[in-house]
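S.K.: Going by numbering that gives the first Met the number 0, the first residue of the sequence shown is number 0, and it counts up by one from there.
Hints may contain errors.
As the list claims (entries may be wrong) - DEER-style ranges, computed between Cβ atoms:
#1 Lys-83 to Gln-2: 50 to 56 Å
#2 Trp-89 to Tyr-7: 22 to 28 Å
#3 Ala-18 to Ile-54: 18 to 24 Å
What the hints contain is simulated information worked out from the structure, not anything from laboratory work.
Bear in mind the structure is a predicted one, so any value in this text is a computation, not a measurement.
Idealized CB from N, CA, C, for every residue including glycine.
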Amino acid sequence: MEQWINNYASWVLVISGAAAMFTIGRKKRWGWLWFIFNEFMWTAYALITKQYGFILGAILYGIVGVRSYMRWKDISLDKHSWNKFLRLVWSRQ
0 MEQWINNYAS WVLVISGAAA MFTIGRKKRW GWLWFIFNEF MWTAYALITK QYGFILGAIL
60 YGIVGVRSYM RWKDISLDKH SWNKFLRLVW SRQ
């Protein structure tokens, strides 16, 4: 089992993460849950393989994922979201 994890688990996790991002891009709400779950799996991978740097990466990606979901959720519920988004972008210059 450990040999399989060392050889293939990172590939499975990368493909899973890319598929989650693709799902998010298709505006499927459950894609965000998949993305966050994938970060927990990266943490488990890091602990099993003793590659602890992946834990920091999973935490950072998880924080970005949760914050992005919260913003995405707010924008998707607002019927004037595109106008607000443009005002926000242009007002920060």
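S.K.: Against which earlier hints does the structure fall short, listed by number upward?
M.R.: 2
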